[in-house]
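> Assembling the complex is the task here: the two chains are given apart, and the hints tell you how they should meet.
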Amino acid sequence: DVKVTQSSRYLVKRTGEKVFLECVQDMDHENMFWYRQDPGLGLRLIYFSYDVKMKEKGDIPEGYSVSREKKERFSLILESASTNQTSMYLCASTPGQGTGELFFGEGSRLTVL
Amino acid sequence: ILNVEQSPQSLHVQEGDSTNFTCSFPSSNFYALHWYRWETAKSPEALFVMTLNGDEKKKGRISATLNTKEGYSYLYIKGSQPEDSATYLCASEFGGYQKVTFGTGTKLQVIP
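Chains as they are written, first to last, in the numbering used here: chain A, 210 to 322; chain B, 2 to 113.
This is chain B alone, in the form it adopts within the complex (with noise of 0.2 angstroms):
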């Protein structure tokens, strides 16, 4: 079983604040890194799936870098809001019908 660990578990920031968290991943035949954002009472949902080594992906106020030679993954968020609290998830996938081991993830929560 490949071991995706995340840090924080969780974290609280004030609205306005920027924080980062960190994936790690084994870096031995990696395909793909996702981040997934998880809202309370909501199915998950994809933010990015990466694959190049030095890829960098941006939606809005949150983004992510990759670094696969040393195996592991930063999200940002720039600004936070409220409507950010959520856990965000990482998972490596490994190749073979599009299967990926997740991390425990992190969970935030913005305060107003």
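With the rest of the complex left out, here is chain A (with noise of 0.2 angstroms):
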């Protein structure tokens, strides 16, 4: 069964501190993308990247950075975080051929204090 994996459900961490928020996906998927989740705003697009070590802006990427060292991996970073970042990130994977469907992980949810 095809998967995107997410490694937290749940964090809490304090202003300031830096997050990391690990993605993999097992399909050997081409597109990675980050997306932030929150009520009345829709899915926001923070960064994605169409192969390893290259990445792209989205839409909100402010606050953000991204890596992409291995073609299954994609890791969302917040260097210093801040409490309007407290939200739900969730990781898709597309092929990279055609229009692709996506395929989400479950979501990180993060609060900040």
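Keep in mind the hints are simulated off the structure, nothing from the lab. On a predicted model such as this, the values are computed, not experimentally measured, just so you know. Be aware that a few hints might be false.
[To be verified] Mimicking DSBU-like on lysine-lysine, the simulated pairs with C-alpha atoms at most 30 angstroms apart in a straight line are:
1) B:Lys59 with A:Lys280
2) A:Lys266 with B:Lys43
3) B:Lys59 with A:Lys212
4) B:Lys43 with A:Lys212
5) B:Lys59 with A:Lys279
6) B:Lys43 with A:Lys227
7) B:Lys59 with A:Lys264
[Unchecked claim] Going by beta-carbon spacing under 8 angstroms, a handful of chain A positions derived as facing chain B:
8) Asn240
9) Gly249
10) Leu252
11) Tyr273
12) Ile286
13) Glu288
All residues carry an ideal CB built from backbone N, CA and C; glycine is no exception.
Here it is as structure tokens:
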């Protein structure tokens, strides 16, 4: 069964901490994405990657960075967490050819105190 | 940033009722329209990806239509069941790396 796995379902961090959210896919997909979900705002794209070591900013990249050292792994980094980054974070991947449906992880709910 | 809009934001229906939701999107630079179902505590799952004007897709009791010229899509659920309770997301793909913009979703509650 194909899978996108996010490392943590729930995290609680303090303001100013560095936070890593990890995502791994086992489908050999080219493209990987990080979204955040906030009530009333829908899923918003933070960053995406179309190849190893390649990354592109999405619609709301401020305060985030990403890393893709291996094809199957895409990490979202909050260099200095702030309370307005409290949110649900979703990782997704697509094959890279044609119109690809997104395969999502189960989400990581981050609370920044 | 593309504007993808969904309506209604939420609705409650009785078991057995049929229902439909709307997704509107910019028709310029259109590439594909996606529908996802997101159940509580689970991952969003794809229902349909549609590309052609006039496309209609069906999966069991759920179907969708697409009008790319006027920029809208409808999702229909026939004979709603409690297990259909979820948030339904639409997303417009506008080309390049399969990047999509999501609407805010329609939250459906089916009352037994």
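> CA of Lys59 (chain B) to CA of Lys212 (chain A), is that 30 angstroms or under?
holds (24 angstroms)
> Would you mind confirming whether the straight-line C-alpha gap from Lys59 (chain B) to Lys264 (chain A) stays at or under 30 angstroms?
The given pair, whose Cα atoms are some 35 angstroms apart, is violated under the 30 angstroms limit.
> Can the restraint linking Lys43 (chain B) and Lys212 (chain A) be considered satisfied, given a maximum Cα separation of 30 angstroms?
holds (13 angstroms)
> Would the hint on Glu288 (chain A) be counted as holding, given a Cβ-Cβ threshold of 8 angstroms to chain B?
violated (24 angstroms)
> Are the Cα atoms of Lys59 (chain B) and Lys279 (chain A) separated by 30 angstroms or less?
Judged against 30 angstroms, a Cα distance of about 37 angstroms means the pair is violated.
> Using the nearest Cβ pair, does Tyr273 (chain A) come within less than 8 angstroms of chain B?
violated (16 angstroms)
> Is the interface hint satisfied for Asn240 (chain A)? The criterion is a beta-carbon contact with chain B at less than 8 angstroms.
Hint holds; Asn240 (chain A) Cβ to chain B Cβ min 5 angstroms, cut 8 angstroms.
> With the threshold set at 30 angstroms, check whether the alpha-carbon distance from Lys43 (chain B) to Lys227 (chain A) stays at or below it.
holds (27 angstroms)
> When the nearest CB of chain B is found for Leu252 (chain A), is that gap smaller than 8 angstroms?
holds (4 angstroms)
> Hint Gly249 (chain A) vs chain B: min CB-CB distance below 8 angstroms?
Nearest chain B Cβ about 6 angstroms off; hint holds.
> Please verify that hint: Ile286 (chain A), Cβ, nearest Cβ of chain B, below 8 angstroms or not.
violated (20 angstroms)
> Lys266 (chain A) and Lys43 (chain B): Cα distance at most 30 angstroms?
Between Lys266 (chain A) and Lys43 (chain B) the Cα gap is close to 26 angstroms, so the pair holds against 30 angstroms.
Hint compliance for this structure: hints 1, 5, 7, 11, 12, 13 are broken, all remaining hints hold.
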